[in-house]
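Student: As a plain string of letters, each chain reads:
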Amino acid sequence: MGRLTRNVLVAGCVVLWLIPLYLLVVNALTPATEYAGKPGWTVQGFALGENLRTAWDVAGIGDSFQASLLYSVVCGLAAVLVAAMAAFAVVVLPIPRPAFWFWLIYSGTLFPLQIFLAPLFGLYADAGLYDTRIGLMLVYTAWAVPFAFFLIRNQMTTMPPELTEAALLDGASFRRIFWHVHVPLIRAGLGAAFIFQFTAVWNDLLLGITLSRSPDVQPVMAALTTLNNAYASTGPPVILAGALIVSAPTLVLFLVFRGLFLRGVTASAR
Amino acid sequence: MSGRRHPGPATPPSVPARRTLLLAAATAVTTGALATACGTAEGRPPGEVAVLGDSAAWEKPMAAAGAAMKTVAALRMVPEVNPSLESFEQVVKSSLRTSKTPDMLKYWSGYRLRDLARTGGIEDLTRQWDRAVAKGWVDASLREAFTYRRRVYGLPMNLAYWVFFYNPEVFREHRLKAPESWDDFLAACTRLKRGGVTPLHGTADGRWPAFIWFQEILSRQDPTFYDDLMNGRERYTDPRAERALRTLQSFFDKDWFTPMDMNHPDAAVAMLHGDVGMVPCGTWLGSTLAAAGGRPGENLAAFVLPMADPKARPSVIFESSALVATVKGPDRAEALRATRTWLHPAVMKAFSHALQDGCPNPRVAAANPVIGSLAEKVRGDKLWLLNRFWEQGPPELVEATVDDLAGFLLNPSSARETLRTMQGRADEAWRVWREAEKT
Amino acid sequence: MTGTATPASGPGAVRPDRVRRRTPVRRRVPVRTPHQAAQAGGGRLGGPLAALPWALPAFAFVGVLLLYPFLRSVYGSFFEDNGFTSRFTGLDNYARLADDPIFGRSLLNTLMWVAGTLLLPVLAGLLLAVATHRMRFGGVVQLIIVLPFAISSTATAVLWNFMLTSDGTVNQVLRGIGLDGWTQTWLLEWPQNTLSMIVASTWQATGLNVVLFAIGLRAIPRETVEAAALDGASGWRMFRHITLPQLRAVTVVVVGMAIVNSLKAFDMIWILTKGGPSRSSETLALSMYREAFRLFHVGYGSAIALVLTVIVVASSWMYLRRQMPDTGTGTGTGTGTVKG
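The listed protein sequences correspond, in order, to chains A, B and C.
Count along the first sequence starting at 1, add 35, and that's the number in my numbering.
Count along the second sequence starting at 1, add 35, and that's the number in my numbering.
Count along the third sequence starting at 1, add 5, and that's the number in my numbering.
If we strip away everything but chain A, and leave its shape as in the complex, we get (with noise of 0.2 Å):
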C-alpha cells in the first residue's frame, strides 16, 4: 500500500483510539461537583488526587488490590506453569491420543463462564473453599490454563523435533528436557501467557464475587464496581479515577514486558 495511504491509515486509528482515552482523563480530573451530566471535552479544574482519594476510599480498593494482586500473580504463574507441562505432555511426549487430551484442556475456554457459577458455588460450599482465597486462586488458575496451554502449545509445536530427539539421546529425562530445552526456548510464549492470564485474573468480576463475600477476600474489580451501583453513584469523575488506579498493574506489566518481547523476539529473529 501507498505510503500515504498507510500513514493516514494509521494516524487515523491512533485519533480514534485517544478520543475515548482523552476522555477518560480529561474527565477523571474534573471534580465531581463540577461535571456537567455528560461528558467534557476540557478540563474543568483539577481533581485527579481527589477523585483518587475518593475512589480509594469509598470502594476500600485498598484490600482487595492486595487480594487481586496475589490472585493475579500466583495464578498467572501456576497456569503457565501447568499448562506449559500440559502442552509438553501433549506435544512432546508419547501420551496416548493428544487430540483428545488437546481438547479436554482446551474445552475450558470454550464454556461460556456464566454457566460454571451455580454449580460451582455447590462445589465449593460443600468442599469449605467458599469465601476463601485459596478457593479463588485454585478457580482463578483452573480458569487461567486452557487459554494458555492453547498458546504454549501452539508455540511447542513450531519447535523443530530434532531438539528433543538429540537431547534424548544424549539420555536426558523428560524433566530435564522441559526446563533445559523447551522452557528456555518459549520463554517470550510463556510471558506473553502470564501476561494475558494475569490481566484476565486481574479484570475477573463474575468468579470473585459469585465465590466471596467478605473484603479481603473479594477482587479488586468488586470493590471498583462499588462505586457505580444503582443505589449510589459516586458520579463519572470519580469512577473513572477509581478505574485509573485498578489499571495500574496491567498497564505496568504491560509497558514492562512490552519492552522485553520484543527485544526478545527480535533477538532471536536476527
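In short, the hints are calculated from the structure, not lab data.
From a predicted model like this one, the values you see are computed outputs, not experimental measurements.
We put the beta carbon where it would ideally sit given N, CA and C, even for glycine.
Incorrect hints may appear among the rest.
Chain A stretches covered by chain C per the calculated footprint, using a threshold of three residues with CB under 8 Å from any CB of chain C [as the list claims (entries may be wrong)]: (1) 52-65; (2) 167-178; (3) 249-263.
Partner residues are not named here, just some residues of chain A that face chain B (Cβ under 7 Å, in silico) [unchecked claim]: (4) F156; (5) A160; (6) T269; (7) G270.
Let chain A serve as the given structure and place chains B and C on it in line with the hints.
Tutor: Leaving out everything else, chains B and C in the frame of chain A:
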C-alpha cells in the same frame, strides 16, 4: 521470560536487574498476601454478626448501626457487600440451604421477600415485629410488605419515598413552586419546557427504571387499582391501566422527557445544573445527588407527585429493604439477637443518619431537611404507603414486564399492545406463583 | 461484570525463526506428528503412561473446576427447577427454545458479534500490525492501540456510555460537523445498539491482536522476505504469499480466540445495555444469564448454555481442525504441510 519465575531448575544464572526487581516484587506481594490470607465464611467471632447486602452505599450505615447496636445489645453487625445485584441474589438463593449462607441479609420486601420466605430458609420474625410495634419503634402500616402467610419475615431497614427531585433555584427562576395538584404539575412541565428546560427525566437505562413512570402515574390516577393490579387482582388490559399509559404517551407527545438513555447519576447532575426540571426517584438518590454537589434546601428539594384524581385516597410509593435472618447461618443465635434490637431508636438513628434516607422508626428524627419535610408530609397527610413496582408481584413477572415497559417508552404509541403482552405474562406468572403457593 | 474478560487472544508467538536455518523460502509451517520426537528414544523412557503425569495437573484443574460444573449444568437442563422442587422434564427445555421469540433475536445478535469481531478487531489488528511494522513510531502506535485492553470494564462502560448516549460524544461530534441527520440513539434501537457495541469492543480488543500480529511479523526471517523480493514479489503479492503464510500460527490463535470470545460476548453488552432495551441487544450468553440468574429458570438457562456451547465447540473444532491437523484429526499423524 516468565519462565524464570517458575521455581524450576532452569533459572539461568544472569538475570537482568529489572526482572530481578519484578520477581522480588512478585515474591513480596505473594508472601505478604498469603500471610494475611484465608478469610472464611465460618461465621464471625462471638459478638459479631455479618450482614450481606448488594449495595456498597450501605456499608458505612451498617457499620454505624452495628456500632450503635454494640452499646444497646453488646453485638456488632459487620457489613459484607456483593456489588452486583444479580450475583447477590444468586448467592443468596443458592446458599440458603447450605451452612455457608450469610447470617443476615439485606433483601427486598414484598413478593421478593415472600419468594425467599417460602423456601423455609429464613427466620420468622413476627415476635420481634410485634414487640417493636408495641414500643412504637416501627410504622405499623409497613407490616404487609414484610409478611408471608401472616407471619413477618423481615424488618424494615430504610424507608425511602418515591418522590420528584427538583432544583428550587431553577423553579424560582421560572416562577414555579413545588406543585400541589396534578394541574400544577402539568403547568410546571409546560412552563419549564417553554423556558428551555427539559421538564422530566425518564429512562430505560439499566433495565429496571422503565417501570418508574407507569408506577407514578398509575398510583396517582387510581391507587386502589394500582394495588390490586400489583397483587394480581386486576388485569393490565383494564382501561385504567391503558389510561395511565396514554397519559404517559401525552407527555412524550409534548416532548417533556429526556432521552431514554440518560442514567440516574447524569440526570441528578443535569437537574442540579438546571438542564432537567424534575427527576422521579426513591429518596435514596440523595447520596448520588449529594456527591454531585446537591445541598438539601438550597439547590435540592423534593415533592410527592400530587394525586391526579383528587377524590382518590392520597398515596405515595415507598421502598423499604428487609433485614432478614437465615435459618442455617453459622451465627444464627446472634443474628436473632440482632433482630430484637434492630429497630431500637439508637440503632435506627445511627443507620438512617449515616444513610441520609428515611427511617421506618417514627421516633427517629429525619437525617436532613429534604427527608424531614417529606416524612412530615407523608405522616401528616396520612398518605397511603404503596410498595414499589419492583417488589410487587412474582419477581419473574416483574423482570419481564419492565422490559415490556421499556419497549413502550421507546415506542409510546404501543400502549394497548404492551398491556396485552404484559397481561399474557401476568396470567402465566400468577398461575405458577399460586401453584407453588399450594405446595 | 468483568467476569468473562478472557483475553481476546494470545501471541501465537509461534516463531518460525527457531527453525529457519533449515527452512527454505516460502516454506509452509511444518506440522508433524507430535510423537515422533519422543518415539525416537521411546522405549527407554517407559511406556506412553510416562507422559500422563505431565498432563494430569491441567486435567485436574480443568476437569474438577470447569468440566464438572459444566456437566452438572447440562444435567440440570433436563429438569425444571423452581427453587424448591426439581422434576425431570426431558427435552422440554429445548423444545421451549424453539418457541421463544427472543431466542431467534439472541442467535442473530450472536452471529452479528461473530461476524463483526472477525471483520473488525481481527482484520483491523492485522492491517494495523502490517502498517506499523518497521514504521517510525510504529511501537508507539501499537502501544496506544493496546492501552484500552488494560482498562477495566467498569471504566469502559462509563467511557462508552459517554460516547454513545443521546447527548454523548458521538452525537456531539456529528452535530459539530453538521451531520445532524446522522445522529442516533445508538444504544436504544436495534440493530445499531449491537453494532455500536461491536465497535466499542473493537476499541478494546484490537490492540491485543495488533501486538500478536506484530510479534509474528517480527519473527519472519529477513532472508525469507529478501529472497521473495529478489523473486520480484512486492506489495500485495508479498503480503499474500509470504507474510500471511508466515503469520499462520499467530492467525490460528487470534481467529480461534475471536470465534470463541465473540460467541460468548457478554461483558460489553452487560455493562452498556444489560441486553436491553426490551431485550433487543441480548446475545445467547445474556439470554442464558437472564434466565438462570434473574428468573431462576435454571434448567432453561442451562439449555441455552448447552446450545451455545455446542455452537462454540463446533465452530472452534471446524476451524482448528483445518488449521491443526496434528490434533484435530485425532490420529496424531500429521501430513507435513497445511494449506497456508
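Student: Could you run down the list of hints and mark each one as holding or not?
Tutor: Going down the list of hints, with the structure as the test:
1. 52-65: holds (count 8)
2. 167-178: holds (count 5)
3. 249-263: holds (count 5)
4. F156: holds (5 Å)
5. A160: Status holds, d = 4 Å.
6. T269: holds (5 Å)
7. G270: holds (5 Å)
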